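The primary structure of each chain is shown beneath.
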Amino acid sequence: MLINSIAVLAGLGFAVGVMLVIASKVFKIDSNPLIDDVASLLPGANCGGCGFAGCAACAEAIVEQGAPVNSCPVGGFEVAKQIGALLGQEVTESEKEFPFVRCQGGNQHCTTLYDYHGVENCKVALMLCDSRKGCTYGCLGLGTCVQACQFGALSMGEDGFPVVNKALCTSCGNCIAACPNGVLTFARDSEKVHVLCRSHDKGKDVKAVCEVGCIGCKKCEKECPAGAIRVTEFLAEIDQEKCTACGACVAICPQKAIELR
Amino acid sequence: MAESLFTIFLEGVFIKNFLLIQFLGLCSFVGVTKDLKSASGMSGAVVFVMAMAATVSFALYNFILVPLKLEFLRTIAFIVVIAALVQLVEFIVRKHVPALYRSLGIYLPLITTNCAVLGAVLLNVMNDYDLAQSVVFGVAAGLGYTVAMLMMAAIRERSDLVEVPKSVGRGVTYAFFIATIMSMSFVNFFGVIPLE
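Chains as they are written, first to last, in my numbering: chain A, 1 to 261; chain B, 1 to 196.
Just so you know, the hints here were simulated from the structure itself, not pulled from any lab data. Any given hint could be a false lead.
[Claimed, not checked] Estimated spans, in silico, between C-beta atoms of each pair:
#	chain 1	residue 1	chain 2	residue 2	range
1	A	Asp37	B	Thr180	45 to 51 Å
2	A	Gly66	B	Ser185	34 to 40 Å
3	B	Arg102	A	Gly76	52 to 58 Å
[What the hints assert, rightly or not] Chain B stretches covered by chain A per the calculated footprint, using a threshold of three residues with CB under 8 Å from any CB of chain A:
#	segment
4	28–39
5	73–80
6	123–135
Please read these numbers as outputs of a predicted model, since none were measured by experiment. Think of the CB as a built atom: it goes at the ideal place given N, C-alpha and C, for glycine as much as any other residue.
From just these sequences and the hints, can you work out the full model?
Printed below as a string of structure tokens:
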């Protein structure tokens, strides 16, 4: 019985294997060998950060459809350089962008509406009710972005905020896509001044729920010597092209909602 | 012959519908029904795999496993057969319909672990079907899968254009609502063929 079982299964496996080998020869496709070469240079994480279905699809797009050689945000400049060498294209380095948390309400400064005991996921919490926080724009702090990161670059900080570890971050953008409130956006390292609030509510409403939210008072707009700040719908926005990082707005902001880093 | 081929066919398509009555193979039901094209491609592949699997597993079971009294190996043996057939289908689709291959993506290899296929061949064995009955049931199960997949894809394509309450959401949540309603309507087929 035992011998028979082993023999049958082994024989079955062997027969199937032979059949598949023959089939793979019969149905062989002649693909561009360059695609495989490019694919072997890509990280193989299949994270989707490039906007294609996976690393194989990205390689195909680079070779056949003329997608840029730096399509892969995870591989970064190094991979782009190697692919460029393979395809005979010059590659210039562009500055890397990292996810940036545009909220500082957290558990300390922003009111909490109710105790949430459920799945630790911001999307689920949002389905239950508009927000578990007083502010409907801010970080819910349940870590959906942390779960979305395949590279372990995000973690939950003490105050219920995601913290970005730039050494591990690959700029794939999965966390940004995962955040239901759009709290995370890309920011370059050379961009020094940031508004740490996303609330478009009126100043009075912001003050009612959050100690550090932008109230749209326009003091920064008047103070900025470069004219880089504009307040639209009660929220200051910084034009990073014009900003000289002089720090005037940071000093004047009554809510401490602008950060110079 | 206990059951006529026609009865087996109708049963396979409607009364024992694999997706809506037996709840087998739901991952592809939700995953590949976003548009009609990939749903029909996936269904075609499943019909082919089910028909082939019914034939091959019948031969394997009755000519190898039963004479050797190794019936208990049927599950693992069938899994091997199905996996091999899926690989074969993958080769063929990749060679001849590359567009379909890309749109199916991960779901094509997932037929390997599609419980609907394994369910079909195991039900064949449990019901003691002969070769003709097995093949008819396999094809019928595949067609039942196709019917459900195409209906689902058609509904989802249309419902993409309408307003859906935010609390219901889109995507998977919404798909399961549709699936539930479709399943309830398929229960009405139970009375169509009188059970002997």
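Hints that the structure is at odds with (numbers, increasing): 2, 3, 4 and 6
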